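Which chain is which? The protein sequence lines are W and H, in order. When we follow this note's numbering, the leftmost residue of the first sequence carries the number 44, and every step to the right adds one. When we follow this note's numbering, the leftmost residue of the second sequence carries the number 384, and every step to the right adds one.
There could be a bad hint or two in this list.
Interface residues of chain W toward chain H, partial, derived using beta-carbon atoms under 10 Å [what the hints assert, rightly or not]:
1. Gln166
2. Thr338
3. Ile421
These aren't lab readings, by the way, just hints derived from the structure by calculation. A quick note: this is a predicted structure, and the numbers were derived from the prediction, not measured. Here a beta-carbon is modelled for each residue, glycine too, at the ideal position from N, C-alpha and C.
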Amino acid sequence: MKYFGLIWKNVWRKKIRTSLTLLSVFVAFLLFALLSALGYAFKSGEDVADAERLVIIDKVSLINPLPMAYKNRIAATEGVHSVAHASWFGGYYQDPRNQFAQFPTDPYEYFSMYPELEMPEEQLENWAKNRQGAVLGRELAEQFGIKVGDRIPIQATIWTKADGGRTWEFDIEGIFGTNDPRGSTAFFLFHYDYFEEARAFGKGTVGWYILRVTPDADPVQVANAIDLQFANSPNETETSTEAAFAQSFAKQFGNIALIVTMILGAVFFTLLLVSGNTMSQSVRERISELAVLKTVGFTDRAVLGIVLAEAVLIMLMGGLLGLGIGWLLVQGAAQQLGAFLPGIFLSGEAILTAVGIMIGAGIVAGIFPALKAMRLSIIDALARA
Amino acid sequence: MSETLATLTGVSKTYQKGKEKVEVLHNLDLQIPAGDFIAIMGPSGSGKTTLLNLLGGLDKPSSGTVRVGDAELSSMSNSQLSHWRSTNVGFIFQFYNLLPVLTAQKNVELPLLLTDFSGKERAKRASIALEIVGLGDRAKHYPRELSGGQEQRVAIARAVVSDPALLLCDEPTGDLDRETADEILKLLQILNREHGKTIVMVTHDAQAAEYANRILHCDKGTLEAREAV
Ligand SMILES: Nc1ncnc2c1ncn2[C@@H]1O[C@H](COP(=O)(O)OP(=O)(O)O)[C@@H](O)[C@H]1O
Ligand SMILES: [Mg+2]
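Pulled out of the complex, with its shape left as it was, chain W reads as follows (with noise of 0.2 Å):
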């Protein structure tokens, strides 16, 4: 375009006054880089969650267990695909603070329930095999250095045995790892068959039930159908989805992403402020030379292209900026953070955006000038130089 380097040396008549403008412009696309790769992350959790799997717990509370005779008639409710169960255990290994999650289950129930766990199908079977086998996640594992093969003792805080002990000792089977680069696996599993038998009360009940729904069924229609079944018996339940527990879950971090939006938005509507500013500025002190463009030929519209170019060519210089920059913070945090917060990422869509918001922004900071400039009568312009 021949007009670039004339709107370019335009844009950097007055050079502090440009360079401000850019910081503030590179500061708020910077901000949007790293606000819109954070609010990514938040909501992939959402996506991540597996809409096929259903929860199912007392209505009354999480701690009321359930009867173990409600398994089959899940089991045969229309649309379930298959059932697993879990219980809460509560003990903790060799020391009190070593707390951390322990479910007696079923070992291949609950590893098809859960296909994102990931262990050899040898130490599975070995599991199965043992039952006094338990298995455990890599992060434990690594956190207390267990290793197959080992003995160890939990102390029960709940749980006492039949015989009056409160040592459940285990031989581990297995380590467990995960591929949801969200999930963690900070937890330990063994056999319910031998919690059942060995344990002095709570016989015949499970914690919760954990579901799978054949992949034509409706979630949201097995879960009332099921709670339906259980309506005025002792145990009422209550079935959620995993994705609607993520969505509750998310719906928190969508208050995160509403105050991100204001924040966002007050930046945006300053920094209107300032290019617009700058750009009335900037026309404002060279009327008599617009009006010399015009004299030698440019048309209204041309001074009119000509201003609002000089406006959208200072967001896109200072946001594209800003954007490379964030970008590459965001590759950073990626790979710091990664573990902790997973799923930070600076999508096309948000460049796009990006890129569009800062044509927008040019536009409306540069309009009002730009008609200024377009109006401007050469007669008047030049009489008043």
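Let chain W serve as the given structure and place chain H with the ligands on it in line with the hints.
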């Protein structure tokens, strides 16, 4: 007589000043032959600049017609006038009116941005124009690095770069000392005699007016001819 370049017929110009109407030009008739060099003199506020603006298509008469070459300026739209100005008329002002952010070369190229010439061709034509005004060696200088006389030469180069037939000069030496003024006036004379430019120059300065072929006196909205010596 040579052919006529510009004809004003019954031109009046009225400005609205607050509630009052001020008639600046009254029923003016004027013929400018191609190749003429006219000086217009007259007291301040007598309508000289207004007359130049009408001739250059920067303003339209309240009544009457302005014809320059084949163009009937009084009936053209603003954008038609813009296009017309870019190739048919060059303006030279008292205070040069160069763009401070551009070099001499780029200032001269400015009107050529409106043409279809390539960047190379624009640069070449601007260089030639700068050579004609004797500033070939100042192409890379910014206006603030030039003297008043040099700035006016750049402005003249800008006015002639698209090779218009008509040059309109509004007190082109009003801001210059005698010696520099004479140089500028000689340059205008060369443009008139050797390059065939038709020049209409407004001036306060009787000595400057002597460079023209004829002098017109503007007063109270009418023109009175007075032949140059
Ligand atoms: N745009 C305008 N609006 C109102 N009055 C104007 C305008 N331009 C010029 N005038 C008036 O018209 C008269 C002639 O102005 P001008 O042509 O500039 O005179 P000169 O160039 O001879 O000094 C002056 O009284 C001036 O105040
Ligand atoms: Mg004047």
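So, going through the hints one by one against the coordinates:
At a threshold of 10 Å, the smallest CB-CB gap from W/Gln166 to chain H is about 73 Å, leaving the interface hint violated. With a cut of 10 Å, the hint placing W/Thr338 at the interface with chain H holds, because the nearest CB-to-CB distance is about 5 Å. The closest approach between the C-beta of W/Ile421 and any C-beta of chain H is roughly 5 Å, which is under the 10 Å cut-off, so the hint is satisfied.
In this structure, only the earlier hint numbered 1 is contradicted, and the remaining ones agree with it.
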